[in-house]
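Read top to bottom, the protein sequences are chains A and B.
Sequential numbering from 1 applies to the first sequence in UniProt numbering.
Sequential numbering from 1 applies to the second sequence in UniProt numbering.
Quick caveat, the hints were computed from the structure, so don't treat them as lab data.
Be careful, since some hints might not be right.
[Said to hold, decoys possible] Which residues of chain B face chain A? A few of them, derived with a C-beta cut under 8 Å, are:
no.: 1; residue: Gln266
no.: 2; residue: Glu274
no.: 3; residue: Ile277
no.: 4; residue: Asn282
no.: 5; residue: Asp561
no.: 6; residue: Arg568
no.: 7; residue: Thr597
no.: 8; residue: Thr600
[To be verified] Some chain B residues close to chain A (C-beta under 7 Å, calculated; not the full set):
no.: 9; residue: Ala67
no.: 10; residue: Phe71
no.: 11; residue: Arg267
no.: 12; residue: Trp270
no.: 13; residue: Pro281
no.: 14; residue: Asn491
no.: 15; residue: Glu494
no.: 16; residue: Ile565
no.: 17; residue: Met569
no.: 18; residue: Asn572
no.: 19; residue: Asn573
Here the structure is a predicted model, which means the values were calculated and not measured.
Even glycine gets a Cβ: it sits at the ideal position worked out from N, Cα and C.
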Amino acid sequence: MKAILTARDVIKFYNKNQVAGLNKVSLDIESGEFIGIMGVSGSGKTTLLNILSTIDRPTSGDIVINGVKINKLNEKKAADFRKSNLGFIFQEYYLLDSLTVKENISVPLTLLKKSPQEIEVSINSLAERFGIKEQLSKYPNQLSGGQKQRVAAARAIIKKPSLLFADEPTGALDSKSATALLHKLREVNEELQTTILMVTHDAYTASFSSRILIFRDGNIIKEIRRNNRTRKEFLEDILTEVTSIEVSNE
Amino acid sequence: MDLLKIAYKNLKTNFSFYSLYFISVAFVLMVFFSFISFAMNDVIMEKISSDGRVETMSKTVAVFVMAFVLFYMSYSNSFFLKRRMKELGIYSLLGYRKSSMLKLLTIENIVICLLSLLTGVILGAILHKGIIEVIIRVLKLQIETSTIPLFNYGAILFTLSFVFAALIVLFLSNWIVLRNSSVLNLVRMEKREEKKIKIRLSLSIAGLLFMVLGYILAFDITRGVESLWKTIGFSPMALLTMLTVVIGTIFFIHSFLPFSIHKLEQRKNWLYKEMNIIVLPNFKYKIRSKAKTLILLTLLAAGTLSLFASTVLSVYYPLAATERIIPSAIEFPVEDKGMASKALEIVKGTNNVEDMKYSETTIIQVTSSSANLPFEYSVKGASGFDLVSESDYRELIALQNKTAKIEKLEDDEAILVKYRPEEGDPDKGNVYNLNLSASDNVEVMVKETTLINPIGFANSIATLIISDTLYQKIKTFGLPEKTIMSIDGQNMRENKEVYENLEPLFRDDPYFASSYQRNEVITQANSSTFLLIAFVTIIFFVATGSILYFHNISSIMGDKDDFMILNRMGYNNKMMKKIINKQILALFCIPYVLGVTHSTFAIIAYKSALMDDLLGRNSAFILPVLVAVVIFTIVYIIYYMVTVRACHKIIFTN
Ligand SMILES: Nc1ncnc2c1ncn2[C@@H]1O[C@H](COP(=O)(O)OP(=O)(O)O)[C@@H](O)[C@H]1O
Ligand SMILES: [Mg+2]
Numbered sequence: 001m002k003a004i005l006t007a008r009d010v011i012k013f014y015n016k017n018q019v020a021g022l023n024k025v026s027l028d029i030e031s032g033e034f035i036g037i038m039g040v041s042g043s044g045k046t047t048l049l050n051i052l053s054t055i056d057r058p059t060s061g062d063i064v065i066n067g068v069k070i071n072k073l074n075e076k077k078a079a080d081f082r083k084s085n086l087g088f089i090f091q092e093y094y095l096l097d098s099l100t101v102k103e104n105i106s107v108p109l110t111l112l113k114k115s116p117q118e119i120e121v122s123i124n125s126l127a128e129r130f131g132i133k134e135q136l137s138k139y140p141n142q143l144s145g146g147q148k149q150r151v152a153a154a155r156a157i158i159k160k161p162s163l164l165f166a167d168e169p170t171g172a173l174d175s176k177s178a179t180a181l182l183h184k185l186r187e188v189n190e191e192l193q194t195t196i197l198m199v200t201h202d203a204y205t206a207s208f209s210s211r212i213l214i215f216r217d218g219n220i221i222k223e224i225r226r227n228n229r230t231r232k233e234f235l236e237d238i239l240t241e242v243t244s245i246e247v248s249n250e
Numbered sequence: 001m002d003l004l005k006i007a008y009k010n011l012k013t014n015f016s017f018y019s020l021y022f023i024s025v026a027f028v029l030m031v032f033f034s035f036i037s038f039a040m041n042d043v044i045m046e047k048i049s050s051d052g053r054v055e056t057m058s059k060t061v062a063v064f065v066m067a068f069v070l071f072y073m074s075y076s077n078s079f080f081l082k083r084r085m086k087e088l089g090i091y092s093l094l095g096y097r098k099s100s101m102l103k104l105l106t107i108e109n110i111v112i113c114l115l116s117l118l119t120g121v122i123l124g125a126i127l128h129k130g131i132i133e134v135i136i137r138v139l140k141l142q143i144e145t146s147t148i149p150l151f152n153y154g155a156i157l158f159t160l161s162f163v164f165a166a167l168i169v170l171f172l173s174n175w176i177v178l179r180n181s182s183v184l185n186l187v188r189m190e191k192r193e194e195k196k197i198k199i200r201l202s203l204s205i206a207g208l209l210f211m212v213l214g215y216i217l218a219f220d221i222t223r224g225v226e227s228l229w230k231t232i233g234f235s236p237m238a239l240l241t242m243l244t245v246v247i248g249t250i251f252f253i254h255s256f257l258p259f260s261i262h263k264l265e266q267r268k269n270w271l272y273k274e275m276n277i278i279v280l281p282n283f284k285y286k287i288r289s290k291a292k293t294l295i296l297l298t299l300l301a302a303g304t305l306s307l308f309a310s311t312v313l314s315v316y317y318p319l320a321a322t323e324r325i326i327p328s329a330i331e332f333p334v335e336d337k338g339m340a341s342k343a344l345e346i347v348k349g350t351n352n353v354e355d356m357k358y359s360e361t362t363i364i365q366v367t368s369s370s371a372n373l374p375f376e377y378s379v380k381g382a383s384g385f386d387l388v389s390e391s392d393y394r395e396l397i398a399l400q401n402k403t404a405k406i407e408k409l410e411d412d413e414a415i416l417v418k419y420r421p422e423e424g425d426p427d428k429g430n431v432y433n434l435n436l437s438a439s440d441n442v443e444v445m446v447k448e449t450t451l452i453n454p455i456g457f458a459n460s461i462a463t464l465i466i467s468d469t470l471y472q473k474i475k476t477f478g479l480p481e482k483t484i485m486s487i488d489g490q491n492m493r494e495n496k497e498v499y500e501n502l503e504p505l506f507r508d509d510p511y512f513a514s515s516y517q518r519n520e521v522i523t524q525a526n527s528s529t530f531l532l533i534a535f536v537t538i539i540f541f542v543a544t545g546s547i548l549y550f551h552n553i554s555s556i557m558g559d560k561d562d563f564m565i566l567n568r569m570g571y572n573n574k575m576m577k578k579i580i581n582k583q584i585l586a587l588f589c590i591p592y593v594l595g596v597t598h599s600t601f602a603i604i605a606y607k608s609a610l611m612d613d614l615l616g617r618n619s620a621f622i623l624p625v626l627v628a629v630v631i632f633t634i635v636y637i638i639y640y641m642v643t644v645r646a647c648h649k650i651i652f653t654n
């Protein structure tokens with residue numbers, strides 16, 4: 001499989017003389033992978049995600065996505081890069097309140113100047129997949145949290161990004177909605193071959209991925225692969241690893 | 001933790017928010033204070049008003065301004081209170097009682113109002129000084145500006161008591177809001193669930209229809225005698241028109257605009273464009289959630305603009321009409337040859353006169369027994385036509401530096417000078433029978449009519465220009481005559497000294513006419529009114545502009561997340577700036593465009609109803625309206641740019 005993202009020795013200092021937000025992080029992501037990044041709050045997960053997704057710039061180090069050296073892009077080029085390559089899901093949904101669900105989902109394709117027919121077709125098939133067909137003409141504040149997050153996921157996926165970044169996507173959801181969303185992400189990953197990079201502090205959420213990077217103090221300290229195990233076995237493995245790290249920490 | 005301490009922390013974190021509140025109140029108080037200082041300034045008032053008219057008027061305006069400032073303060077207070085509901089809800093959840101929250105709000109208001117008062121008084125005093133300076137220049141008053149104090153203590157005391165009264169009002173309104181809200185809706189009020197936008201076709205059509213109907217009613221007045229304004233009456237029609245336009249405006253903004261955008265959105269080729277997909281739904285949403293404010297702003301802008309334009313018109317129009325009322329710079333009937341030559345000597349001898357031209361015109365006064373006489377024929381004491389020879393006419397016109405395209409008249413032709421233009425030129429082609437003696441008469445046909453009168457209306461009306469040969473023939477009949485002296489020349493129309501030198505000679509002669517003197521009288525009589533109206537206009541323009549500014553700022557503060565996500569999705573900074581600009585522009589455009597069209601129709605009605613149309617040209621009407629619109633436009637452009645800048649700053653700094 002070919003690498004879709006490579007990061008080499010990425011360092012991020014927010015302030016001079018302070019501890020690094022990222023401390024020489026290197027990682028490779030292959031096309032079609034579902035990566036989970038775990039770590040306690042403040043360990044630098046969001047910082048890593050922002051830097052890998054052109055939102056923030058590293059203090060030093062190189063990041064290449066799809067052969068493009070993204071840490072060298074200017075503001076406009078970076079926006080164009082995100083437009084055609086990246087999708088985002090956040091804990092807080094960030095739907096546009098004044099737009100209907102349908103309009104919200106249409107934005108990324110509109111930005112790519114797709115034809116109205118193509119946009120409508122894509123929206124309908126995704127709405128089907130995410131079970132939000134009835135909600136298309138509603139406004140975000142008429143939806144439940146789970147529905148909102150499914151809309152946000154549909155919006156992130158509609159342009160078939162080569163990389164989908166999800167920062168604590170289940171953080172604000174009840175366990176039922178969370179599980180439903182994670183199954184959808186899994187499905188998207190398997191059926192559409194979308195590469196996903198998901199940040200979470202929760203082991204259960206992480207167990208939906210195929211490879212987990214455990215983060216501490218701005219560094220990857222451990223990697224766990226699911227391989228051919230069931231999700232349940234994978235989850236138990238994750239829990240033991242996390243506990244052992246916590247114990248060694250005390 | 002003490003609630004005051006929490007509030008202080010809150011103030012520090014929300015500083016930009018509070019500073020908006022502070023600036024808006026300080027600004028309004030600044031304008032208020034400078035107005036009160038002006039109105040309470042006895043030195044100025046004594047000079048610009050002789051009969052107490054200005055005092056009465058400025059008192060009325062002061063009441064108006066006070067009501068408005070009070071409205072504005074309570075408006076911004078509740079506007080800012082609404083934005084803080086969540087914070088208050090949290091206090092409430094923490095167990096604070098409503099009485100302590102009210103105490104907190106009151107203390108905040110006292111602090112902000114007192115600080116604003118201080119700022120407003122200092123800046124207002126400076127502004128007031130500046131205005132006085134301008135007035136003294138414009139009206140050429142003999143006042144030493146240094147004798148006018150910077151701070152008028154009476155005005156300070158007055159403003160202080162006003163602010164105190166305003167604080168009580170704010171206290172009461174906050175008390176009512178708090179009393180009526182539960183913890184739950186305190187927390188939820190800030191981002192209240194938007195009802196699904198229901199767009200009623202009937203209401204939007206009603207909006208459009210009412211507005212168009214209002215315009216048609218206003219325009220109907222130009223039909224003159226047949227118009228509904230004449231047949232039904234002015235006041236009921238004015239009321240009806242205003243009501244129709246107001247209702248139309250309400251539904252136009254509330255329903256028709258969102259409806260049209262809704263229709264636009266259904267055209268997918270339109271909607272699915274990178275700008276439109278964000279801007280159109282946002283516009284619809286904003287119009288709906290801010291409909292009340294937008295309607296208020298539109299009506300305020302339209303009212304202010306109409307008031308201002310009509311004031312400009314009522315000052316400008318008489319000045320422009322002087323050109324017809326006194327066509328030469330100086331005009332008087334020659335009753336005594338010696339006095340006339342003395343007058344000419346005086347004009348010649350005046351220092352700054354270089355090039356003087358004069359002409360004597362002998363008018364023959366004649367009666368007519370025709371049936372279809374023009375209304376001018378009978379408006380003066382003794383009815384009749386004033387006959388002027390064609391060559392005299394040409395000479396006078398040349399003297400006044402005007403050109404009239406007239407062909408040489410035949411003996412049975414005449415040109416009738418009209419007082420005001422009439423629709424369809426009904427006098428043209430009429431044949432008048434002029435009585436020359438008991439047995440003789442002659443007929444002339446009106447070949448054309450003209451608005452270029454050679455002699456002022458004080459000295460001649462119903463002027464009939466006839467051929468030189470006919471004039472000579474009529475002269476032999478010994479009809480009553482009068483001779484008019486017309487003096488003109490370079491810069492003569494504005495020449496103050498010529499008027500002042502001649503004035504003692506003609507003391508109390510009502511037929512002695514000077515264009516300089518007439519313009520001076522008009523300026524003196526109207527400038528104080530004009531000034532007060534200008535004051536009110538500026539306050540209102542600024543107020544509507546500020547309200548738009550605050551609305552945009554506060555809504556963009558809530559939109560920060562939206563722009564963050566747009567940026568993630570691939571909108572670059574330039575595109576996002578464009579989106580912000582379009583959103584702001586749309587909100588500015590509603591009161592601007594509707595305000596301008598509303599007031600244009602109001603001015604058309606005003607002009608037709610109340611102004612004596614002497615000039616018969618549209619330019620005399622367009623110019624004042626243009627002045628008002630240009631000032632309005634400039635104020636709004638400045639506000640737009642300031643708002644855009646502030647919004648960019650909010651979005652693009654962390
Ligand atoms: N904009 C910022 N400025 C300064 N420090 C920051 C900023 N963002 C994050 N940090 C710091 O970097 C570290 C990592 O934060 P973050 O990546 O948000 O952690 P996580 O997402 O794992 O909870 C934390 O110590 C945080 O305080
Ligand atoms: Mg985080």
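Hints versus structure:
{"no.": "1", "hint": "Gln266", "result": "violated (11 Å)"}
{"no.": "2", "hint": "Glu274", "result": "holds (5 Å)"}
{"no.": "3", "hint": "Ile277", "result": "holds (5 Å)"}
{"no.": "4", "hint": "Asn282", "result": "holds (4 Å)"}
{"no.": "5", "hint": "Asp561", "result": "holds (6 Å)"}
{"no.": "6", "hint": "Arg568", "result": "holds (5 Å)"}
{"no.": "7", "hint": "Thr597", "result": "violated (27 Å)"}
{"no.": "8", "hint": "Thr600", "result": "violated (33 Å)"}
{"no.": "9", "hint": "Ala67", "result": "violated (35 Å)"}
{"no.": "10", "hint": "Phe71", "result": "violated (29 Å)"}
{"no.": "11", "hint": "Arg267", "result": "violated (9 Å)"}
{"no.": "12", "hint": "Trp270", "result": "violated (9 Å)"}
{"no.": "13", "hint": "Pro281", "result": "holds (5 Å)"}
{"no.": "14", "hint": "Asn491", "result": "violated (61 Å)"}
{"no.": "15", "hint": "Glu494", "result": "violated (59 Å)"}
{"no.": "16", "hint": "Ile565", "result": "holds (4 Å)"}
{"no.": "17", "hint": "Met569", "result": "holds (6 Å)"}
{"no.": "18", "hint": "Asn572", "result": "holds (4 Å)"}
{"no.": "19", "hint": "Asn573", "result": "holds (6 Å)"}
Going through the hint list in order, the structure does not satisfy hints 1, 7, 8, 9, 10, 11, 12, 14 and 15.
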